[in-house]
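Its first residue numbered 3, the sequence shown is counted upward by one per residue in our numbering.
One thing to keep in mind: the hints can contain errors.
[Unchecked claim] Ranges between beta-carbon positions, derived for each pair:
(1) E7 with E38: 31 to 37 angstroms
(2) R34 with E6: 18 to 24 angstroms
(3) L10 with K54: 26 to 32 angstroms
(4) N11 with E61: 30 to 36 angstroms
(5) D12 with R33: 14 to 20 angstroms
(6) R70 with R29: 37 to 43 angstroms
(7) K67 with L32: 26 to 32 angstroms
(8) K67 with I28: 48 to 54 angstroms
(9) D48 with T23: 44 to 50 angstroms
(10) G51 with I28: 31 to 37 angstroms
(11) L32 with K54: 30 to 36 angstroms
(12) L39 with R15: 24 to 30 angstroms
(13) L44 with R70: 24 to 30 angstroms
(14) Y52 with S25: 53 to 59 angstroms
[Claimed, not checked] Subject to a maximum C-alpha distance of 25 angstroms in a straight line, what follows is the list of computed DMTMM-like cross-link-like pairs (lysine to aspartate or glutamate):
(15) K37 with E61
(16) K58 with E68
(17) K37 with D48
(18) K18 with E7
(19) K58 with E38
(20) K37 with D14
(21) K37 with E6
(22) K58 with E45
(23) K58 with D48
(24) K18 with E6
Honestly, the hints are just simulated from the structure, not real lab data. All residues carry an ideal CB built from backbone N, CA and C; glycine is no exception.
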Amino acid sequence: MTIEESLLNDVDRAVKRLRTTRSAFIRQSLRRHLKELNRQQLEAKDRAGYAKHPVKRGEFDVWYKEQRWSD
């Protein structure tokens with residue numbers, strides 16, 4: 003894996019500040035990024051679904067009585 007020096011310097015500064023290791027920092031960063039990519043894909047899928055099948059007027063009215071709002 004090749005990482006440009008300026009980015010690696012930024013990582014090393016963050017690692018020092020967070021008192022962790024470079025490997026742990028990069029693992030956590032990759033996990034967060036993959037989680038974010040998955041979230042974006044799910045949102046795109048939802049948008050496509052609602053674009054293809056928009057919510058109809060009154061479709062969820064039946065659920066209004068079921069909602070409980072606490073004071």
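Right, here's what the structure says about each hint:
{"no.": "1", "hint": "E7 with E38: 31 to 37 angstroms", "in the structure": "violated, 25 angstroms"}
{"no.": "2", "hint": "R34 with E6: 18 to 24 angstroms", "in the structure": "holds, 20 angstroms"}
{"no.": "3", "hint": "L10 with K54: 26 to 32 angstroms", "in the structure": "violated, 44 angstroms"}
{"no.": "4", "hint": "N11 with E61: 30 to 36 angstroms", "in the structure": "violated, 54 angstroms"}
{"no.": "5", "hint": "D12 with R33: 14 to 20 angstroms", "in the structure": "holds, 19 angstroms"}
{"no.": "6", "hint": "R70 with R29: 37 to 43 angstroms", "in the structure": "holds, 42 angstroms"}
{"no.": "7", "hint": "K67 with L32: 26 to 32 angstroms", "in the structure": "violated, 46 angstroms"}
{"no.": "8", "hint": "K67 with I28: 48 to 54 angstroms", "in the structure": "holds, 51 angstroms"}
{"no.": "9", "hint": "D48 with T23: 44 to 50 angstroms", "in the structure": "violated, 37 angstroms"}
{"no.": "10", "hint": "G51 with I28: 31 to 37 angstroms", "in the structure": "holds, 35 angstroms"}
{"no.": "11", "hint": "L32 with K54: 30 to 36 angstroms", "in the structure": "holds, 33 angstroms"}
{"no.": "12", "hint": "L39 with R15: 24 to 30 angstroms", "in the structure": "holds, 25 angstroms"}
{"no.": "13", "hint": "L44 with R70: 24 to 30 angstroms", "in the structure": "holds, 28 angstroms"}
{"no.": "14", "hint": "Y52 with S25: 53 to 59 angstroms", "in the structure": "violated, 41 angstroms"}
{"no.": "15", "hint": "K37 with E61", "in the structure": "violated, 32 angstroms"}
{"no.": "16", "hint": "K58 with E68", "in the structure": "holds, 19 angstroms"}
{"no.": "17", "hint": "K37 with D48", "in the structure": "holds, 17 angstroms"}
{"no.": "18", "hint": "K18 with E7", "in the structure": "holds, 16 angstroms"}
{"no.": "19", "hint": "K58 with E38", "in the structure": "violated, 30 angstroms"}
{"no.": "20", "hint": "K37 with D14", "in the structure": "holds, 23 angstroms"}
{"no.": "21", "hint": "K37 with E6", "in the structure": "holds, 24 angstroms"}
{"no.": "22", "hint": "K58 with E45", "in the structure": "holds, 20 angstroms"}
{"no.": "23", "hint": "K58 with D48", "in the structure": "holds, 16 angstroms"}
{"no.": "24", "hint": "K18 with E6", "in the structure": "holds, 19 angstroms"}
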